[in-house]
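Below, each chain spelled out in residue letters.
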Amino acid sequence: MNFTLSDDHLELRDAAQTFLDKEVDLRPLLVPGATATDAGYDTLWRKIAELGWPSLIVPETYGGLGMSYIDLAMVVGEMGRTLAPCPFFGTLAGTWAILRAGSEDQRARLLGRVAGGEAKLALALTSMDGAIGESVAATADGSNHRLTGTAWYVVDAAAADQIVVAARLDGRLKFFVVEAKAAGVAIALLDWRDITRQVGTVTLTGALGELLTGSDDQTWPWVRDRLYLTLAAESAAGTRVVLDDAVTYAKERMAFGRPLGAFQAIKHQLAELAGQAECATAAVHYAAWALTEDDARAPLAAAMAQSYASDAYRDATYRNVQVFGAIGFTWEMKNHLYYKRARCNAELLGPPAQQREEVIQLLERQAA
Amino acid sequence: MDFNLPGEDDPRRREIRAWLEANPSPTYRQLAERGWTAPNWPAPWGLSAGPELVVMLDEELERAGIRHPHQLNAIALNQCGQSLLTWGTEEQRQRFLPPALACEERWCMLFSEPSGGSDLGNLRTTARRVGDDYVINGQKIWNSHADISQIGVIIVRTDSAVPKHKGLSVFILDMKTPGVTVRPIVDMSGEVNEYNEVFLEDVRVPAAHRLGQEGDGWRIVVEQLQTERQGMTMPGAVWGSGPTARELLDGLIRTGRIKNPLIRDDAAKLFIEGELLRLLTYRHLSNKINGKPAGVEGNLGKMIASPHGQRLSDLAKRSQGAAGMVKNRDVLPLPDKHYGLFDNWDYAYWFSPAATLGVGTQEILKNTVAERILGLPRDLDPTAATPFNQINRPQVAPARLAAER
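So the protein sequences, as listed, match chains A and B. Letter by letter, the first sequence follows residues 1 to 368 of our numbering. Letter by letter, the second sequence follows residues 1 to 405 of our numbering.
Hints in this document: simulated from the structure, not taken from any laboratory. Be a bit skeptical, because a hint or two may be false.
Between beta-carbon pairs, the in silico distance windows are [stated by the list, open to error]: (1) A:Arg-253 x B:Ala-385: 24 to 32 Å; (2) A:Ala-367 x B:Gln-94: 48 to 56 Å; (3) A:Asp-8 x B:Ile-148: 49 to 57 Å; (4) A:Met-128 x B:Asp-119: 56 to 64 Å; (5) A:Asp-8 x B:Asp-132: 32 to 40 Å; (6) A:Glu-60 x B:Arg-246: 37 to 45 Å; (7) A:Gly-116 x B:Leu-5: 35 to 43 Å; (8) A:Asp-8 x B:Asp-343: 28 to 36 Å; (9) A:Asp-8 x B:Arg-372: 53 to 61 Å; (10) A:Tyr-318 x B:Arg-372: 39 to 47 Å.
Residues from chain A shown here face chain B by an in silico Cβ test under 10 Å; the list is partial [claimed, not checked]: (11) Ala-255; (12) Phe-256; (13) Glu-347; (14) Gly-350; (15) Glu-364.
Stretch by stretch, here's where chain A covers chain B in the computed footprint (C-beta under 8 Å, at least three residues) [said to hold, decoys possible]: (16) 25-32; (17) 151-164; (18) 262-269; (19) 272-286.
Built from N, CA and C at the ideal position, the CB exists for glycine as well.
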């Protein structure tokens with residue numbers, strides 16, 4: 001047993017931190033009406049691609065770095081800490097779907113381009129009401145498939161070169177790859193509250209889809225566990241940074257002749273957040289380890305991490321605004337960017353209560 | 001990183017299990033001779049064991065149905081005994097540690113006083129040097145197992161002319177010394193279980209039983225309290241001991257109460273928090289073995305664990321409704337484990353208010369986390385720099401004891 005991060009992991013995290021602290025500038029977003037594009041959504045990605053991060057999780061056989069989920073959590077945590085606006089989440093999500101459901105040929109062809117920084121991906125899953133794989137239908141057309149329907153809340157859809165689409169084929173959930181520029185594919189941006197991300201709808205009208213031939217009932221749960229880890233890693237690191245910001249402010253800001261942070265009403269709230277931040281980080285490390293080891297506890301660990309870190313991040317961003325006082329409620333401060341990232345992270349794949357239900361069901365199955 | 005605990009086939013585990021099978025009813029002295037009652041202590045007292053060996057010994061003793069020495073003689077083996085390794089004289093170690101490790105002398109802590117528990121530095125019990133002895137007068141309270149202990153670790157004021165935290169000293173006290181009167185307290189759970197008041201009237205303790213120098217008392221007890229808090233961070237219902245959320249979930253599933261939508265989500269939240277507390281505790285052990293700083297888990301862990309335990313026993317009660325308001329031991333099924341006092345949810349629940357009071361209240365703990373971990377400004381204590389004898393009048397004889405005479 002060894003519950004401690006290795007020096008290699010810490011070095012990776014420090015390198016990501018140094019790079020992102022230098023390259024991410026959220027100030028352009030502190031003007032009403034700004035979008036992720038104004039904060040370097042495209043330019044930052046080019047630098048990230050040069051660093052090879054798109055290839056982090058691509059196996060070495062397909063030209064990637066084949067790094068572990070613990071390594072990934074180090075990098076994703078830093079991206080969450082800085083709210084780095086770039087199409088990383090979509091590319092990760094698409095990569096995992098192809099890794100799990102693609103044939104050898106599909107993986108080599110599609111992921112080779114991702115690893116080389118030549119292609120960006122997105123994963124289109126959700127109906128407007130949040131159901132997975134219900135809103136797009138697939139029909140066979142000779143040896144091809146045609147897709148029709150609208151997927152909502154697709155992260156990085158507009159930036160993607162290929163979109164992996166979850167669709168019903170003969171009543172079963174299957175995954176297809178669609179060329180973003182192909183006929184019958186229309187992408188529209190949503191007015192997503194978290195402006196550090198770019199989120200849209202993908203409307204397909206008889207668009208040509210390439211079936212990922214290994215799609216089965218386990219594809220989505222497998223991908224979902226990894227997306228839980230990704231969001232949880234962002235959220236845990238976000239929890240820590242908004243706590244740190246609130247602590248720094250509470251030490252500097254004076255009221256009634258004392259620093260704000262001298263008042264127990266403030267101190268005690270921040271102490272509680274320190275506890276939540278530690279727990280959220282522990283949950284992420286555990287889930288990252290379990291996924292790396294392909295441990296049987298991985299689905300439980302991933303659902304625990306996503307639900308806990310979501311709630312912690314929501315609590316921390318609320319408290320962060322409260323400690324800053326009214327200035328923290330203005331658009332010109334960055335507090336609201338974290339507040340919105342926290343809420344959107346907690347809803348994107350279903351709310352924390354849903355992941356807790358998954359935890360209970362796993363325990364019930366174990367006991368049976 | 002490796003979150004796996006040592007497996008069933010670990011050779012060290014097999015060796016422990018084989019010995020326990022060959023010696024099915026060992027005395028604690030036999031266990032102490034093997035270094036198993038304080039395995040993490042250095043030789044000759046323990047084995048300098050790393051976290052894996054500590055975990056395996058715990059599990060194997062539990063499996064053999066032997067109550068953990070660190071539970072039976074907690075004050076000696078968890079909180080205070082280690083102080084003798086750093087602050088004690090060789091003579092003190094030879095006199096006090098062997099019977100403590102063998103659980104033949106049980107220890108108690110004599111810290112809190114009626115005048116204050118969380119503000120421990122305000123204590124009023126005094127010790128006056130007379131020849132080769134000190135003479136102690138005052139009163140202590142909330143002393144677990146003082147009624148059955150042979151040894152007490154006591155903090156007293158040896159100098160009232162300096163500020164409150166500076167004039168304190170620690171002694172190792174033979175509880176049979178004339179002038180020591182122990183009286184059990186019935187706490188709100190209705191049980192006479194472990195707490196006592198201890199009255200001290202002209203109690204003579206040899207100067208050779210002083211731990212460290214005069215004035216070292218505050219540093220010694222702060223160390224002991226940190227150690228004690230670290231011991232309370234596991235996810236058990238009461239101060240880290242007793243049944244955990246795993247047992248709660250198991251009981252709720254077995255009784256079908258998990259299907260109740262008013263129970264279900266709270267049960268999941270507690271399960272998750274319990275697992276994360278477990279991870280924090282193990283991470284603390286990992287950090288220690290890797291030679292890294294012990295980290296923040298002690299104070300932070302207890303801050304999370306205490307209310308966690310309260311919510312745990314509350315949910316066990318809630319799952320039972322009005323039936324849980326009748327004194328009973330059968331709120332939910334529990335596996336046959338050695339939880340000491342807390343072997344049932346009923347007791348754990350009615351005892352649970354203590355969890356956020358003992359070893360410093362939850363509020364004091366949050367101050368400590370905010371100040372020591374987050375670096376927020378220290379709370380104001382207007383009396384901290386004033387000589388103690390100018391802020392508090394000398395304590396009069398304990399009124400209740402005097403009235404009884």
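Agreement of hint Ala-255 of chain A with chain B interface, Cβ distance less than 10 Å: Given a least distance of 12 Å, the restraint on Ala-255 of chain A is violated.
query: Would the stated hint for Glu-347 of chain A survive a check requiring a Cβ distance to chain B of less than 10 Å?
result: Violated, about 17 Å.
message: Assuming the hint says 32 to 40 Å, is it satisfied by the Cβ distance from Asp-8 of chain A to Asp-132 of chain B or not?
response: With Cβ atoms ~59 Å apart, the hint is violated.
query: With a Cβ-Cβ cutoff of 8 Å, does the segment 262-269 of chain B contain at least three residues near chain A?
result: As far as the segment 262-269 of chain B goes, the hint holds, because 5 residues have Cβ atoms under 8 Å from chain A.
message: Against the range 53 to 61 Å, how does the distance between the Cβ atoms of Asp-8 of chain A and Arg-372 of chain B compare: consistent or not?
response: violated (30 Å)
field: Outcome of range test on Cβ distance (Ala-367 of chain A, Gln-94 of chain B; 48 to 56 Å)
entry: holds (52 Å)
query: Do three or more residues of the segment 25-32 of chain B come closer than 8 Å to chain A, measuring C-beta to C-beta?
result: Violated: only 0 residues of the segment 25-32 of chain B have a Cβ under 8 Å from chain A.
query: Residue count check for the segment 272-286 of chain B against chain A: does it reach three with CB-CB under 8 Å?
result: Result for this restraint: holds, n = 11.
- prompt: Should the interface hint for Gly-350 of chain A be scored as holding, given a Cβ-Cβ cut-off of 10 Å against chain B?
  reply: Since the shortest Cβ distance to chain B is 14 Å, the answer is violated.
query: Has the hinted range 49 to 57 Å been met by the Cβ atoms of Asp-8 of chain A and Ile-148 of chain B?
result: Given range 49 to 57 Å: holds, Cβ gap about 52 Å.
query: Falls inside 28 to 36 Å, the C-beta gap from Asp-8 of chain A to Asp-343 of chain B?
result: violated (45 Å)
- request: Go ahead and decide if the range 56 to 64 Å is satisfied by the Cβ distance of Met-128 of chain A to Asp-119 of chain B.
  value: holds (58 Å)
This entry does not satisfy hints 5, 8, 9, 10, 11, 12, 13, 14, 16 and 17, going by the numbered hints stated previously.
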